[in-house]
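Student: Below are the chains, spelled out letter by letter.
Protein chains: 2
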Amino acid sequence: MASDMTSNAEAAKSEFDSVAIKFNHDGLIPAIAQQHDSGEVLMMAWMNLTAIQETLATGRVCYWSRSRQSLWRKGESSGQQQKLVEMRLDCDGDTILLLVEQTGVACHTGRRSCFYLAMAQDGTLTERLPVLVSPETLYKK
Amino acid sequence: MASDMTSNAEAAKSEFDSVAIKFNHDGLIPAIAQQHDSGEVLMMAWMNLTAIQETLATGRVCYWSRSRQSLWRKGESSGQQQKLVEMRLDCDGDTILLLVEQTGVACHTGRRSCFYLAMAQDGTLTERLPVLVSPETLYKK
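Taken in order, these protein sequences are the chains called A and B. Under our numbering, residues 1 to 141 are what the first sequence spells out, in order. Under our numbering, residues 1001 to 1141 are what the second sequence spells out, in order.
One or more of the hints may lead you astray.
[Stated by the list, open to error] Calculated lysine-lysine pairs in the BS3-like style (CA-CA distance at most 30 Å, straight line):
#1 Lys-140/A to Lys-83/A
#2 Lys-83/A to Lys-1140/B
#3 Lys-1083/B to Lys-22/A
No lab work stands behind these hints: they were computed from the structure.
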């Protein structure tokens, strides 16, 4: 048991006190949300240290809204929350992958994923995913 | 047929001449690479307009290296190329999702994906993915 603990301690390293997380000059790091079981890439948004710590503490994904300059608790107004399954950091510490359980739809357009536009060689865009919920329904109180 | 073409034209819109792609103040946009069939999120890197156009034209993923300040044709030195299956743009035009066929491993550490560190609530990191190829093998000529 003791050797297991030593092994675990060696395999893990503390990051909140270190430089493992590399924030950009605005104190933010991009975070990709992926549905944990289906593998769907749902969206990409930004987190600051407070958003990361709140997400880990509550198990509900919280981003930093660059437009509103405030914490953005995903689903707070739409009900389309993300439950955290696991938070991953990449090899150079400058991107986060959130494995989540997405309630309903991730995109404000009412689509499951924000990545619904396919780009052709000439730059034209074609819609790939259907609207599952009307945005009006999504944001009405 | 005419109505189909009209419908397609309405569903699609040109972006290279428009503001559909929102680059940041450095002229870059984050690009997430995902293995098209398994759903694995492999890495996140950055593209400029030239990298986007080269990727669409050649079918091989090309990024912009912020550290080297040059085009980065993925796999050029390691052989671990990414063949483009489809390029997606998100709802607000500021993130790209690349559906790819990844040759070998995406990560310079020799792991399939760069997102191999799981973050616990206290900030400790634990490795989740095995090294499949030694980095020495990966980059030797």
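Student: None of the hints should be skipped; say for each whether it holds.
Tutor: Hints versus structure:
1. Simply put, Lys-140/A and Lys-83/A have alpha-carbon atoms about 22 Å apart, close enough for the 30 Å limit, and the pair holds.
2. Distance restraint check for Lys-83/A and Lys-1140/B: the Cα-Cα separation of roughly 42 Å exceeds the 30 Å cut-off, and the hinted pair is therefore not satisfied.
3. Between Lys-1083/B and Lys-22/A, the direct Cα distance comes to roughly 29 Å. Compliance with the 30 Å bound is thereby established for this hinted pair.
The structure fails hint 2 only (numbered hints given earlier).
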